[in-house]
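**Student:** Going down the list, the protein sequences come from chains C and H.
Numbering of the first sequence is given in our numbering, commencing with residue 273 and proceeding in unit increments.
Numbering of the second sequence is given in our numbering, commencing with residue 131 and proceeding in unit increments.
Among these hints, one or two may not hold up.
[Unchecked claim] If you want the footprint, here are the derived chain H segments under chain C, 3+ residues with CB under 8 Å:
1) 216-225
2) 236-250
3) 329-342
[To be verified] Label pairs and their in silico Cβ distance ranges:
4) H/A356 x C/D757: 50 to 60 Å
5) H/S319 x C/Y395: 40 to 50 Å
6) H/S132 x C/S607: 44 to 54 Å
7) C/G825 x H/P175: 21 to 31 Å
8) C/S607 x H/A356: 21 to 31 Å
9) H/R269 x C/P418: 28 to 38 Å
10) C/Y295 x H/A310: 14 to 24 Å
11) C/R806 x H/S156: 19 to 29 Å
12) H/Y173 x C/E351: 52 to 62 Å
13) C/E351 x H/S156: 54 to 64 Å
14) C/E351 x H/S132: 31 to 41 Å
15) C/I774 x H/P175: 51 to 61 Å
16) H/W159 x C/A720: 31 to 41 Å
17) H/S319 x C/R583: 40 to 50 Å
[Unchecked claim] So the derived list for chain C, only partly shown, Cβ under 7 Å to chain H, looks like this:
18) W426
19) V472
20) F522
21) L543
22) I591
23) A594
To be clear, the hints were calculated from the coordinates, so they are not data collected in a lab.
Everything numeric in this text was worked out from a predicted model, so none of it was measured.
A virtual CB, placed ideally from N, CA and C, is assigned to each residue, including glycine.
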Amino acid sequence: MVDATPHAEQGVPPAETPELELYHPKGWWTTYVFSQDAKVIAIQYSGTALAIGLVALVLSWLMRLQLGFPGTFDFITPEAYYQFMTMHGMIMVIYLLTALFLGGFGNYLIPLMVGARDMVFPYVNMLSYWIYLLAVLVLVASFFAPGGPTGAGWTLYPPQAILSGTPGGQGAGIILMLVSLILFIIGFTMGGLNYVVTVVQGRTRGMTLMRMPLTVWGIFTATVMALLAFPALFVACVMMLFDRLLGTSFFMPALVEMGQLMSYGGGSPILFQHLFWFFGHPEVYIVALPAFGIVSDLISTHARKNIFGYRMMVWAIIIIGALSFVVWAHHMYVSGMHPWFGFFFATTTLIIAIPTAIKVYNWVLTLWRGDIHLTLPMLFSLAFIVTFVNGGLTGLFLGNVVVDVPLSDTMFVVAHFHMVMGVAPVLVVFGAIYHWYPKITGRMLNEAMGQFHFWVTFVGAYAIFFPMHYVGLVGVPRRYPELGDVAFVADSVHSLNAFITIAALIVGFAQMVFLFNLVWSLRYGREAGGNPWRATSLEWQTPTTPPPHGNWGAARPIVYRWAYDYSVPGAPEDFIAQNDPGPQHRGAV
Amino acid sequence: MSVILVFLTVVIGFSFWWLSHQRLMSKPWLEHGAALPTTDVSYMPTAKVALGIFLAVIGSLFALFASAYFMRMEYADWQAPPLPAVLWFNTIVLVLASIALSCAVRAARENRMDITRLGLATAGLSSIVFLIGQLAAWRTLSAAGHFMDVNAANGFFYLITGMHGLHILGGLVALARVSAVAWRETYCSARVRLGIDLCAMYWHFLLFVWLCLFILLAGWAGDLVAICRQFLA
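One chain only, chain C, in its complex shape:
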């Protein structure tokens, strides 16, 4: 490998952007705790996200135990069930997936992949993590508040969210939830500005936008969307907090509670739904776009083939990002909206399937006649494609108003969104961790444990969510802790529910193996070397592995090509690194 430094390359003017002045850590605390190094912040973000995600996983077990074997567990009251459900949803969507993709992968990969030394504002970046941690702690505190956490459902619809009938509605639960979300948004905005500006301003010499790996494109676009969409959640949270604490009536209509007329009056619950879903739908793509980007890179690297239709992939990411802002009301088909609005939002929803389908075709065409290595990242990527297509197809059902109305609020919806934005992105997260763990730690993850983890997770996820579609189709509503004896629910539903619960417990166990693998391989994993996958992108070309603070040693790399030069005819190896100047220049060095 040729180390292309500015000195080595005659005639290359010095970099046009000045070097970032870094605050180099002096002690243990500033190296590992209050670190301004994006890579340490990334690991802090990921560790916190995985820890709180584990809580959400346990909550899902408790829910499944209740649904599979109703009445067996005394401590799972209907109230507790609602609390588990709410916290499970909120944690998974916001505190795990958003934080992991943007705060975790974004922080680790953006500076390395664009050839920067760090994020452009390292101090603000550090602050972003600590505010995120505070948000998580406030969220956890609500478990210990009198009355417990809120049980309003992850959508927190008013008026029920702040009424006494809902668990945590008149206690501290809902207040802590809203405060935690507001903190999360403030912290995210700090980090998000960093990710966007680093891509815009921090790229190294030669790294044009169209040479960036798709991972960076995905995270970049998702962050821009998040910066514009999260304010909607912020506004909704602040206004609901006012309603709950100061007695305003932004969302609260005149209500009679327990025979007593409440002091609220004149508010609009639909207004909340608009604000919430104006954030909520882009949020789906905030999670999906980084996954799209990462999976493109994994497939290309492990199939030893350039990504098919790179330009199309970039354009599709941008178009999906823009379109996702005009589909939000498809979550509100049953809210009594004007039929023309339903027609409009159904149309935009179906249009968004076009760029998404382009991406799926391109992944498959990248695999076509590739030199497919069935490594763990590749297995997870293949599983992602299948799962995403499956989940996407049921989205076509739910996107159409007339089909959605009977399916609305059934387990079919639960199965759909778990497939498309739960299982699919999580499979990418796992693939990405197996792929980049060697760069982060210098060691490979254990293969045998990984295979076990993959097969149990992949097959198990289908065992959980495939039957759930059928449960939904026969009309079983979501959010019911117990079905009881109703005529329309067939006996098979009960046995399916028990089956799903057992599958969920087994899949959960496989995640423990994965977590154990993360710790075990840190010490006993096989030495990885600098570039075990023989990949082209810049993060694999660092002088040392794991990369130190500042990433690049004496000089930042110079980029000569795009990130997908795999199996180039005539090249000595089956990949050419992005900072390889090529044979003409290599001779001159």
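Given the coordinates of chain C, assemble chain H onto it according to the supplied hints.
**Tutor:** What follows is chain H alone, placed relative to chain C:
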């Protein structure tokens, strides 16, 4: 939701304009390392780019408040509180702050330290007066019985003016830090000039936001829309 959609159209339009200058049509797979690498990172200071993006986030926040306001306004029981007269005075004071910062930017470029300091001080003081004026407006309203929990329009008034005031307050922290450096140094270093540029950018934007909010809270927004509709018809 029309306000936020218009705002987003502007932001997305700008993003596409920017992207269209980034050679999105190039074919990276055909570039085989032959040409010397170029970079397309802009020469604009990184902090300015960051502030620009941050202002887009703030814009999105206030556009969403405005959207919510419009949606609620359509209900039959909408009853906006009377506009306190002090808001006119506050508006003038905030305009003054913006002008003072513009003067400071110019003076800093010409390295006239005394005028720079005068501009910064005027901007800071008038912003503080603005905040006090906003509090006075709240007092006027609450003295007349227009509390925030009486009806939704009152709630919106306190919420929106409060949120805008918090942003001014945050800006004052940055302005204080820049001023501290400006008072310490004997000439206008690049750092001070950048700091003043950023403050001016922020203040102009918040002034623009305030003018929009003022039109909104005064209830002229509906008239404006009606006039526009007439033009279109």
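**Student:** It remains to establish, for every hint, whether it holds in the given structure.
**Tutor:** Quick rundown of the hints versus the structure:
| no. | hint | result |
| --- | --- | --- |
| 1 | 216-225 | violated (count 0) |
| 2 | 236-250 | violated (count 0) |
| 3 | 329-342 | violated (count 0) |
| 4 | H/A356 x C/D757: 50 to 60 Å | holds, 59 Å |
| 5 | H/S319 x C/Y395: 40 to 50 Å | violated, 20 Å |
| 6 | H/S132 x C/S607: 44 to 54 Å | violated, 18 Å |
| 7 | C/G825 x H/P175: 21 to 31 Å | holds, 27 Å |
| 8 | C/S607 x H/A356: 21 to 31 Å | holds, 28 Å |
| 9 | H/R269 x C/P418: 28 to 38 Å | holds, 36 Å |
| 10 | C/Y295 x H/A310: 14 to 24 Å | holds, 21 Å |
| 11 | C/R806 x H/S156: 19 to 29 Å | holds, 26 Å |
| 12 | H/Y173 x C/E351: 52 to 62 Å | holds, 59 Å |
| 13 | C/E351 x H/S156: 54 to 64 Å | holds, 58 Å |
| 14 | C/E351 x H/S132: 31 to 41 Å | holds, 40 Å |
| 15 | C/I774 x H/P175: 51 to 61 Å | holds, 59 Å |
| 16 | H/W159 x C/A720: 31 to 41 Å | holds, 37 Å |
| 17 | H/S319 x C/R583: 40 to 50 Å | holds, 44 Å |
| 18 | W426 | violated, 20 Å |
| 19 | V472 | holds, 6 Å |
| 20 | F522 | holds, 6 Å |
| 21 | L543 | holds, 5 Å |
| 22 | I591 | violated, 10 Å |
| 23 | A594 | holds, 5 Å |
The structure fails hints 1, 2, 3, 5, 6, 18, 22 (numbered hints given earlier, in ascending order).
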